[in-house]
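Novice: Listed below, chain by chain, are the residues.
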Amino acid sequence: MPIQSHTIQNTTGFHARPARQFAEAASSFPCAIRVCKGAKCVNGKSILGMLTLGAKHLDVLVIEAEGEMAEEALDKLGRIVNQVFVE
Amino acid sequence: MNAATTLSLSGLPASPGIALGRAVILQPAPDNRSAGPAGTPKEEDARLTAALFQAALDLRILCNQTRERLGAAKAEIFDVHLSFLSDPELVGRARSLIAESGRSASAALAEASQAFVDIMEQSGDDTLVSRATDLRDVTHRLQLLLNGGSATVRQFDSDVIIIAQDLTPSDTAQLDLVHVRGFVTVAGSLNSHSAILARALRLPAIVGLADALAAIPADAPLILDGATGMLTLHPLPKQVAEARRRQAVQLAEEAELARFSKMPSRTADGHHLALAANIGRLEEVPPALAQGAEGIGLYRSEFSYLDRPALPTEDELFHLYRQALEQMTPHPVIIRTLDIGGDKELPGLNLPREENPFLGVRGLRLCLSQEELFRTQLRALLRASSHGHLKIMLPMVAVAAEVRLARRWLEEERIRVEAVGYPVARDIQLGIMIEIPAAALMADQMAREVDFFSIGTNDLAQYTMAADRMNGRLAHLQAAHHPAILQLIKLTVDAARRHGKWVGLCGEMGSDPRALPLLDGLELDEISLHAAAIVRTRAALSRMNHAANVRLAAHCLTLGSAEEVAAAVAAATLA
Numbered sequence: 040m041p042i043q044s045h046t047i048q049n050t051t052g053f054h055a056r057p058a059r060q061f062a063e064a065a066s067s068f069p070c071a072i073r074v075c076k077g078a079k080c081v082n083g084k085s086i087l088g089m090l091t092l093g094a095k096h097l098d099v100l101v102i103e104a105e106g107e108m109a110e111e112a113l114d115k116l117g118r119i120v121n122q123v124f125v126e
Numbered sequence: 005m006n007a008a009t010t011l012s013l014s015g016l017p018a019s020p021g022i023a024l025g026r027a028v029i030l031q032p033a034p035d036n037r038s039a040g041p042a043g044t045p046k047e048e049d050a051r052l053t054a055a056l057f058q059a060a061l062d063l064r065i066l067c068n069q070t071r072e073r074l075g076a077a078k079a080e081i082f083d084v085h086l087s088f089l090s091d092p093e094l095v096g097r098a099r100s101l102i103a104e105s106g107r108s109a110s111a112a113l114a115e116a117s118q119a120f121v122d123i124m125e126q127s128g129d130d131t132l133v134s135r136a137t138d139l140r141d142v143t144h145r146l147q148l149l150l151n152g153g154s155a156t157v158r159q160f161d162s163d164v165i166i167i168a169q170d171l172t173p174s175d176t177a178q179l180d181l182v183h184v185r186g187f188v189t190v191a192g193s194l195n196s197h198s199a200i201l202a203r204a205l206r207l208p209a210i211v212g213l214a215d216a217l218a219a220i221p222a223d224a225p226l227i228l229d230g231a232t233g234m235l236t237l238h239p240l241p242k243q244v245a246e247a248r249r250r251q252a253v254q255l256a257e258e259a260e261l262a263r264f265s266k267m268p269s270r271t272a273d274g275h276h277l278a279l280a281a282n283i284g285r286l287e288e289v290p291p292a293l294a295q296g297a298e299g300i301g302l303y304r305s306e307f308s309y310l311d312r313p314a315l316p317t318e319d320e321l322f323h324l325y326r327q328a329l330e331q332m333t334p335h336p337v338i339i340r341t342l343d344i345g346g347d348k349e350l351p352g353l354n355l356p357r358e359e360n361p362f363l364g365v366r367g368l369r370l371c372l373s374q375e376e377l378f379r380t381q382l383r384a385l386l387r388a389s390s391h392g393h394l395k396i397m398l399p400m401v402a403v404a405a406e407v408r409l410a411r412r413w414l415e416e417e418r419i420r421v422e423a424v425g426y427p428v429a430r431d432i433q434l435g436i437m438i439e440i441p442a443a444a445l446m447a448d449q450m451a452r453e454v455d456f457f458s459i460g461t462n463d464l465a466q467y468t469m470a471a472d473r474m475n476g477r478l479a480h481l482q483a484a485h486h487p488a489i490l491q492l493i494k495l496t497v498d499a500a501r502r503h504g505k506w507v508g509l510c511g512e513m514g515s516d517p518r519a520l521p522l523l524d525g526l527e528l529d530e531i532s533l534h535a536a537a538i539v540r541t542r543a544a545l546s547r548m549n550h551a552a553n554v555r556l557a558a559h560c561l562t563l564g565s566a567e568e569v570a571a572a573v574a575a576a577t578l579a
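Sequences listed follow chains A and B, in order. Mapped onto this note's numbering, the consecutive letters of the first sequence carry residue numbers 40 to 126. Mapped onto this note's numbering, the consecutive letters of the second sequence carry residue numbers 5 to 579.
Isolated chain A (complex conformation) (with noise of 0.2 Å):
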């Protein structure tokens, strides 16, 4: 299963605009995304999901994709949890 991590790049976490871009990009494939912040995991695809994941500036996601598209899937998110968002 594919997995990647990635250490979250804007200053100001990921919080609404980012979880909800990072929410509407993953429930664009179709296989099944997990989202963990250390031992806590989400389904990639529910923006309150990841909004309840609290992760901060620098904290480190690791996403995994199992299904059809899935390295497509994790190339797209991660750039996403990369971007900075201007606030």
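Hint data in this document are derived by calculation from the structure and do not stem from the laboratory. Some hints could be false.
List of simulated lysine-lysine pairs, DSBU-like, C-alpha gap at most 30 Å [as the list claims (entries may be wrong)]:
| # | chain 1 | residue 1 | chain 2 | residue 2 |
| --- | --- | --- | --- | --- |
| 1 | A | LYS95 | A | LYS115 |
| 2 | B | LYS78 | B | LYS266 |
| 3 | A | LYS115 | B | LYS266 |
| 4 | A | LYS95 | A | LYS76 |
| 5 | A | LYS95 | A | LYS79 |
| 6 | B | LYS348 | A | LYS95 |
| 7 | A | LYS95 | B | LYS78 |
| 8 | A | LYS115 | A | LYS76 |
| 9 | A | LYS79 | A | LYS115 |
Keeping the supplied structure of chain A fixed, place chain B upon it in accordance with the hints.
Specialist: Chain B only, in chain A's frame:
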């Protein structure tokens, strides 16, 4: 007003302005969760689907209206609400409660939503707690639809002040702005969504007023002062008259000042003096732009180094600087390199304690002694330089050799950064702070080494007078308008002129209205001050005459004390 007693209550000042009106108590509409028996799972599931669909339509309309009225940034919260409606965990959980436990759509939704609200509210993270308000807002909207109601906007026929436990973003965005003059909430912080929207709407507001619902009866006449957070219940006629008078004055002043946020900074006789903003964090860039800053005159870069477990990486600094530069484009951003001393802790560096840190290894001295730390910051600055108009400023410079060494490192890092393939701007100006008297006295030599000067009047005064800024017993020696300081400013400006360089000023003196005629008269090119003072300073400048200020400054340079300077400025301003 019968025998009702006048009473004052105080809360957090969320949005400035004075409002008068009668109280309207906004009760949280009961969810009316249908207690009746649930239909078949299939029926309940269909009801949930219909409610989700209708809520999405309503939210799209609200989102568009908010975008037109307040701009895209303020409308974005409703995009978040929309994505809650399609959240697979929330909706999935509700659907499985209907299918497996035979719940009504309403009960299933309440349970699924509450699980997330609990996690968010117990997180201890302020941002997440305010997202819980958003989720409640969306859930409430769905419950109204499921139970046959609709979220309607309340209309009023006279001026009112809304009193509520809390206002959700939908409540705030749907206020009847013709008659709602302000609002008071029991909950909320200065950064809660309703407070931010109130400021954007220019609606006076108080939040965090604990007694609001208990103490204020419906229809009670109120005066709300959003600048102080004071609410007056059953005001006396003379208080009403006074509030109306202040309201009129404020409206007139606001209208007058607002003009200046978009105008050039000029004296009445047409002399331009640029007004830029001092900032310490990226979040301060948008307010600086809103106040009409002509640039960032001082970006204190210390903040990204302090109170954290590890030093910032080059990438991290690069992202930060790049965002600031992009947001300010085309205006310049002067980033001051790390300016701290032995009185601060830097993670992992174990800086030695010093007997006298303000005369110790601080500012550029510290950077030159921590080569890798400084080179990392220089690389981040160079990489960011192609994303806007960057100028670099070195703090705490005493002698020219320090500047030459810093410039050599900067050029070496430029070669390294370009070799890796990052574009670097060709024309990055390098300047220094003038805050050590030696640098001012040697300004002629310094001007050969740099592209600009920025006078830091707080430290310049402290070092010139040998009077600790923090020592209250020496307050009489800390006046930046003392002729000794004015002489040093004059020396600096004259030297810069001879070499075709420009001079700014970035101390507290820059926002002191009494100092403005002197600073303009000393022929500075730019003043950098806190953003909130820009519009007021620009308005004051527009009423001044540059030629008269030049004469006033020349006169003040000949005086013998700070008191005489203050008297001369006061006399000239009144004349």
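Novice: Quick one, are LYS79 (chain A) and LYS115 (chain A) close enough, alpha carbons at most 30 Å?
Specialist: 22 Å, holds
Novice: Mind checking the alpha carbons of LYS95 (chain A) and LYS79 (chain A) for me, to see if they're no more than 30 Å apart?
Specialist: Holds, at about 14 Å.
Novice: Is LYS78 (chain B) within 30 Å of LYS266 (chain B), Cα to Cα?
Specialist: 22 Å, holds
Novice: Starting from LYS348 (chain B), check that the Cα of LYS95 (chain A) is at most 30 Å away, please.
Specialist: 25 Å, holds
Novice: What's the verdict on LYS115 (chain A) and LYS76 (chain A), does the C-alpha distance respect the 30 Å limit or exceed it?
Specialist: Between LYS115 (chain A) and LYS76 (chain A) the Cα gap is close to 19 Å, so the pair holds against 30 Å.
Novice: Against the 30 Å threshold, does the CA-CA distance of LYS95 (chain A) and LYS78 (chain B) hold or violate the hint?
Specialist: 23 Å, holds
Novice: Starting from LYS95 (chain A), check that the Cα of LYS76 (chain A) is at most 30 Å away, please.
Specialist: Answer holds: LYS95 (chain A) to LYS76 (chain A) is near 10 Å, not above 30 Å.
Novice: For a C-alpha distance cap of 30 Å, please report whether LYS115 (chain A) and LYS266 (chain B) respect it.
Specialist: 41 Å, violated
Novice: Taking only the CA atoms, is the gap from LYS95 (chain A) to LYS115 (chain A) under or equal to 30 Å?
Specialist: 20 Å, holds
Violated hint for the displayed structure: number 3, the only one.
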